[in-house]
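Top to bottom, those sequences are chains A and L.
The numbers in the first sequence follow the working numbering, run straight up by one, and end at 334.
The numbers in the second sequence follow the working numbering, run straight up by one, and end at 311.
Some clues are possibly wrong.
[Unchecked claim] Have a look at the derived ranges for each label pair, beta carbon to beta carbon: (1) HIS279(A) / LEU161(L): 56 to 62 Å; (2) HIS122(L) / ARG126(A): 54 to 60 Å; (3) ARG74(A) / TRP214(L): 18 to 24 Å; (4) ILE298(L) / PHE243(A): 46 to 52 Å; (5) ARG303(L) / SER68(A): 47 to 53 Å.
No lab work stands behind these hints, which were simulated from the structure alone.
For each residue, glycine too, the CB sits at the ideal point set by N, CA and C.
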Amino acid sequence: MREPLVRINGLTIDFDTGQSNVRALHGFDLQIEKGEAVGIVGESGSGKSITWLGALGLLGPRARVAGSVRLDGREILGLGEREMAAIRGKRVAMIFQDPTSSLNPVHRIGRQLVESLVLHRGMSARSASAEARRLLERVQIAAAAQRLSEYPHELSGGMNQRVMIAMALAGEPDLLIADEPTTALDVTIQAQILEVLKEMRRETGMGLVIISHDLGIVAELADRVVVMYAGRPVETAPVSRIFDAPRHPYTRGLLAALPEIDGALERLVAIPGQVPEPHKLPPGCPFAPRCAQANANVCDETVPTMRAIAQDHAAACALIHTAKPEALRSLELA
Amino acid sequence: MLAYIATRVGRAIFTISLVLTFSFTILAATGDPALLIMSVDAPPEAIEAFRERYGLDASVWQQYIGYLGNLLQGNFGQSLRDGRDAWDVVVERIPLTLALTVPAFLLKIGIGIPAGIYAALHRNSFLDRLVMMISVAGYTVPSFVLGLILILVFAVNLGVLPSGGQDTWRHAILPIVTLGTAGAAIIARYTRSAMLEVLGQPYIRTARAKGVPWPKAVRRHALPNAAIPTLTVVGLMVGSLIAGAVVVESVFSWPGVGRLLISAVANRDLMIVQAILLLVAVCMVTSNLLVDIAYGLIDPRLRGRSGSRKT
Numbered sequence: 001m002r003e004p005l006v007r008i009n010g011l012t013i014d015f016d017t018g019q020s021n022v023r024a025l026h027g028f029d030l031q032i033e034k035g036e037a038v039g040i041v042g043e044s045g046s047g048k049s050i051t052w053l054g055a056l057g058l059l060g061p062r063a064r065v066a067g068s069v070r071l072d073g074r075e076i077l078g079l080g081e082r083e084m085a086a087i088r089g090k091r092v093a094m095i096f097q098d099p100t101s102s103l104n105p106v107h108r109i110g111r112q113l114v115e116s117l118v119l120h121r122g123m124s125a126r127s128a129s130a131e132a133r134r135l136l137e138r139v140q141i142a143a144a145a146q147r148l149s150e151y152p153h154e155l156s157g158g159m160n161q162r163v164m165i166a167m168a169l170a171g172e173p174d175l176l177i178a179d180e181p182t183t184a185l186d187v188t189i190q191a192q193i194l195e196v197l198k199e200m201r202r203e204t205g206m207g208l209v210i211i212s213h214d215l216g217i218v219a220e221l222a223d224r225v226v227v228m229y230a231g232r233p234v235e236t237a238p239v240s241r242i243f244d245a246p247r248h249p250y251t252r253g254l255l256a257a258l259p260e261i262d263g264a265l266e267r268l269v270a271i272p273g274q275v276p277e278p279h280k281l282p283p284g285c286p287f288a289p290r291c292a293q294a295n296a297n298v299c300d301e302t303v304p305t306m307r308a309i310a311q312d313h314a315a316a317c318a319l320i321h322t323a324k325p326e327a328l329r330s331l332e333l334a
Numbered sequence: 001m002l003a004y005i006a007t008r009v010g011r012a013i014f015t016i017s018l019v020l021t022f023s024f025t026i027l028a029a030t031g032d033p034a035l036l037i038m039s040v041d042a043p044p045e046a047i048e049a050f051r052e053r054y055g056l057d058a059s060v061w062q063q064y065i066g067y068l069g070n071l072l073q074g075n076f077g078q079s080l081r082d083g084r085d086a087w088d089v090v091v092e093r094i095p096l097t098l099a100l101t102v103p104a105f106l107l108k109i110g111i112g113i114p115a116g117i118y119a120a121l122h123r124n125s126f127l128d129r130l131v132m133m134i135s136v137a138g139y140t141v142p143s144f145v146l147g148l149i150l151i152l153v154f155a156v157n158l159g160v161l162p163s164g165g166q167d168t169w170r171h172a173i174l175p176i177v178t179l180g181t182a183g184a185a186i187i188a189r190y191t192r193s194a195m196l197e198v199l200g201q202p203y204i205r206t207a208r209a210k211g212v213p214w215p216k217a218v219r220r221h222a223l224p225n226a227a228i229p230t231l232t233v234v235g236l237m238v239g240s241l242i243a244g245a246v247v248v249e250s251v252f253s254w255p256g257v258g259r260l261l262i263s264a265v266a267n268r269d270l271m272i273v274q275a276i277l278l279l280v281a282v283c284m285v286t287s288n289l290l291v292d293i294a295y296g297l298i299d300p301r302l303r304g305r306s307g308s309r310k311t
């Protein structure tokens, strides 16, 4: 069997808070094929960002990351700093939510791009500088040559995110992880950034992980969606199936909270309550306290695990698998 | 950048004129130097003659105007003690003071900055806590106490170093260590907190995410940013190179500017006191000015927009 680009198995992340140990990620499994685009969706605190920061060893000394993360079949969890540094930016690049504070305020844009090119493409300073200009032009920044000598505070947020994307492209990565890349930007700029990401994927064929709390943005870019809740994946399916036949009550809740442009004017339904804090998780299904369908006998007993429902579609809800056919139907109608 | 420098130079001149006026007023308000310098039972004619000679018989306003006028011509007045030019009396002490404060300054930076960086990079480690404990002790113990302790240990008990005077380089060791300790402690704390602040910034995460190895990320991305707040406290120390050793010079009987100031105040030698205060003010203001300019050089955000616009 061919190895996928990324294979994550049983990834857990714990934070040592001094007095106690808090588990923020409870076993995460995912495979990403070469060139595939996967969306990770969930509310804040669901563990969608730390999964990737943890996998790339970017969480700092208080985090304990365990499990397995394989890149082209090679285990990268537990690699030394030097070996990890060679993977970061080169094989797997990452862009973040707030582009302006993600760029170094005291270095010129050009210098920050050149740094990546010298690191990963072994370029001389001179050819790197010409390549930096080409990268800015690829992400559709006007007056690229001039921008190279400017500082991040002289550019708008949208431009800085383009710079971040250009910098990520510098290493010609196989996978780009975009962590809420448009959350801090205006709506019109959001659309432009998503367009740039799509364009770059078409050009380079790189894989993409798009992390967002917004199912709409994920639907724009991803082939497949993983819905996360309280540090666990709860449902995964191709994008079209997530929209057409969501099975987990939480996914349904997220969809109900999404306005439809061409649909009838309906009231948006918010999911009551909040994501439980990592140290106050309920004993059974973490979503049960907020779930309209929760059944005290089943849901409060054990934590449901991901189980296949159909081809490429799995969910972690006890009700889907234990309910009698009638109950299942009512669940689908709900 | 030029406008940035010009406003700061203007501010510096204003500050110095404030200091001049303030020191003149305070000294004029605190008594008649003629009575103090001449003995109390001196004949009234002698006292009058003294006042006339040093211009002390004019009104305070006239004295002030005259003082400013003389200053503008580079005339700092004469010592009321021996009639020598006040500026000459002060200037000949400067090298002696610098012989203590410059090595002490290098000591502060040489120990404080690396200790602060180390502590921040190894936050909550045993060495971090040790560095911070020493640093708290270093800057809470007043320098005259530390000076006396050092004299007790190294001069009195061990007898390896002299307790005062300035005959050889060995006389300078204890005063330099005394001066350097508190400063190193302060710089270490500032550097540590500046580094911790910067290390938590998103652009450090970006640097690591783009594959910059950790040591290089620290050198290239964290240090220049952490230098900005650290510069403030280092700049203050540059400003106090001339006047920062008043207490330590007294403890170790070191005949520098600081001790001159103390004896001039005690003797009501007005012109000397004013010359020293002016010198101190100019040093402080100049170093602040240099710090401001250095800020502008390090931090492009402070330079103002240079012909670019947001889109």
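Evaluation of the provided hints:
1. HIS279(A) / LEU161(L): 56 to 62 Å: holds (57 Å)
2. HIS122(L) / ARG126(A): 54 to 60 Å: Because 38 Å falls outside the window, the suggested range is violated.
3. ARG74(A) / TRP214(L): 18 to 24 Å: For ARG74(A) and TRP214(L) the Cβ distance comes to about 21 Å; the hint holds.
4. ILE298(L) / PHE243(A): 46 to 52 Å: Holds: the Cβ-Cβ distance is about 51 Å, inside 46 to 52 Å.
5. ARG303(L) / SER68(A): 47 to 53 Å: holds (49 Å)
The structure shown violates just one earlier hint, number 2.
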